[in-house]
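Engineer: Assemble the whole structure, with the sequences as input and the hints as a guide.
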Amino acid sequence: MNVLDRLRIVLIQTSHPGNIGSSARAMKTMGLSDLRLVSPVRYPSAEATAMASGADDLLAGTPVYEDLDEALTGCRLVMGTSARQRSLRWPQLNPREAAAALIEAAAQGPVALLFGREQSGLSNEELDRCHSLVTIPANEAYSSLNLAAAVQVLSYELRMAVLDRQAPAVETSADLAPEDRPASAEALEDFYAHLERALIHLDFLDPSNPRHLLRRLRRLYGRAVPTVSEVNILRGILTAAEKGPRR
438 MNVLDRLRIV
448 LIQTSHPGNI
458 GSSARAMKTM
468 GLSDLRLVSP
478 VRYPSAEATA
488 MASGADDLLA
498 GTPVYEDLDE
508 ALTGCRLVMG
518 TSARQRSLRW
528 PQLNPREAAA
538 ALIEAAAQGP
548 VALLFGREQS
558 GLSNEELDRC
568 HSLVTIPANE
578 AYSSLNLAAA
588 VQVLSYELRM
598 AVLDRQAPAV
608 ETSADLAPED
618 RPASAEALED
628 FYAHLERALI
638 HLDFLDPSNP
648 RHLLRRLRRL
658 YGRAVPTVSE
668 VNILRGILTA
678 AEKGPRR
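Using this note's numbering, the first residue of the sequence shown is number 438, and each one after it goes up by one.
Among the hints, a few may not be true.
[Stated by the list, open to error] Computed Cβ-Cβ distance ranges for the label pairs, DEER-style:
no. : residue 1 : residue 2 : range
1   : Ser490    : Phe641    : 47 to 57 Å
2   : Ser645    : Ser557    : 25 to 35 Å
3   : Phe641    : Asp617    : 42 to 52 Å
4   : Ile670    : Asp640    : 20 to 30 Å
5   : Thr676    : Ser490    : 48 to 58 Å
6   : Arg602    : Pro644    : 39 to 49 Å
7   : Ala677    : Arg533    : 41 to 51 Å
8   : Asn669    : Tyr593    : 31 to 41 Å
9   : Ala677    : Leu654    : 42 to 52 Å
10  : Gly511    : Tyr593    : 20 to 30 Å
11  : Arg660    : Gly511    : 17 to 27 Å
12  : Val501    : Arg526    : 25 to 35 Å
13  : Leu650    : Gln529    : 16 to 26 Å
What the hints contain is simulated information worked out from the structure, not anything from laboratory work.
The beta-carbon is built from N, C-alpha and C at its ideal position, and this holds for glycine as well.
Structural biologist: Here it is, written out as structure tokens:
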């Protein structure tokens with residue numbers, strides 16, 4: 438299997454169907470094939486097919502999801518694209534750094550690169566699902582990139598990362614024990630939900646005034662990219678804490 442086959446390009450609530458078709462074309466020119474759509478405003482569309490311009494086979498196999506969780510099922514690493522930094526800072530990479538990290542992680546399992554809405558990008562809740570962000574260092578005086586153009590830039594960097602590494606072979610289950618693989622996106626979401634419950638139980642978190650605590654904890658564990666066994670250990674600690682008396 439080509440390592441690029443394990444990389445998902447996820448477009449969230451795309452408003453213009455032409456951008457979907459153009460993104461499919463951008464991906465196919467660089468050897469990517471796994472495009473996923475989350476709640477597109479208008480799709481399927483003849484305009485999307487026309488703009489795919491020869492990549493309509495890729496478009497035909499593109500699944501559409503109602504929510505992001507479904508699109509990220511099984512992913513070991515998730516990165517989000519952002520044109521601006523937020524009030525709470527996420528780990529930030531340039532396209533070359535992001536591509537290298539994604540290709541390395543894809544050797545062990547599926548990974549995803551998220552693109553948000555044309556006008557507003559990714560929401561804070563969607564950014565919560567990301568281990569880090571990638572920003573294209575465009576001209577500061579005019580940094581507006583079309584969605585498909587951004588997909589093209591990142592797709593090119595991903596292809597170059599594979600060529601620079603001479604297309605590393607995908608690891609098999611024999612190469613890496615299951616418990617040593619990065620925890621999946623859904624396993625991490627279960628952990629974060631468990632963490633929130635435990636912190637409320639310990640009176641460490643006020644559910645009516647969480648502020649940025651949970652988001653900061655997501656950033657902490659996102660940087661660590663915990664393995665399956667590490668998440669199990671953390672959840673075991675949380676379970677033990679929940680069994681103890683409330684303070």
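Engineer: Quick check: does the Cβ-Cβ distance between Gly511 and Tyr593 fall within 20 to 30 Å?
Structural biologist: holds, 25 Å
Engineer: Is the distance from the Cβ of Phe641 to the Cβ of Asp617 consistent with 42 to 52 Å?
Structural biologist: Since Phe641 and Asp617 have Cβ atoms about 30 Å apart, the given range 42 to 52 Å is violated.
Engineer: Confirm or reject the claim that Val501 and Arg526 have a C-beta distance inside 25 to 35 Å.
Structural biologist: holds, 32 Å
Engineer: Take a look at whether the Cβ-Cβ distance between Ser490 and Phe641 falls inside 47 to 57 Å.
Structural biologist: With Cβ atoms ~54 Å apart, the hint holds.
Engineer: Honestly, do Arg602 and Pro644 meet the 39 to 49 Å range at C-beta?
Structural biologist: Check passed, 45 Å falls within 39 to 49 Å.
Engineer: For the pair Thr676 and Ser490, does the Cβ-Cβ distance stay inside 48 to 58 Å?
Structural biologist: Holds, at about 53 Å.
Engineer: Quick check: does the Cβ-Cβ distance between Asn669 and Tyr593 fall within 31 to 41 Å?
Structural biologist: holds, 38 Å
Engineer: Is it true that the C-beta distance of Ser645 to Ser557 lies inside 25 to 35 Å, as the hint says?
Structural biologist: With Cβ atoms ~27 Å apart, the hint holds.
Engineer: Do the Cβ positions of Ile670 and Asp640 conform to the proposed distance bound of 20 to 30 Å?
Structural biologist: holds, 23 Å
Engineer: Does the beta carbon distance between Arg660 and Gly511 stay inside 17 to 27 Å, or does it fall outside?
Structural biologist: Between Arg660 and Gly511, where Cβ atoms are some 21 Å apart, the hint holds.
Engineer: Has the hinted range 41 to 51 Å been met by the Cβ atoms of Ala677 and Arg533?
Structural biologist: holds, 43 Å
Engineer: Holds or violated: 42 to 52 Å for the Cβ distance of Ala677 and Leu654?
Structural biologist: violated, 18 Å
When each numbered hint is compared with the structure, violations occur for hints 3 and 9.
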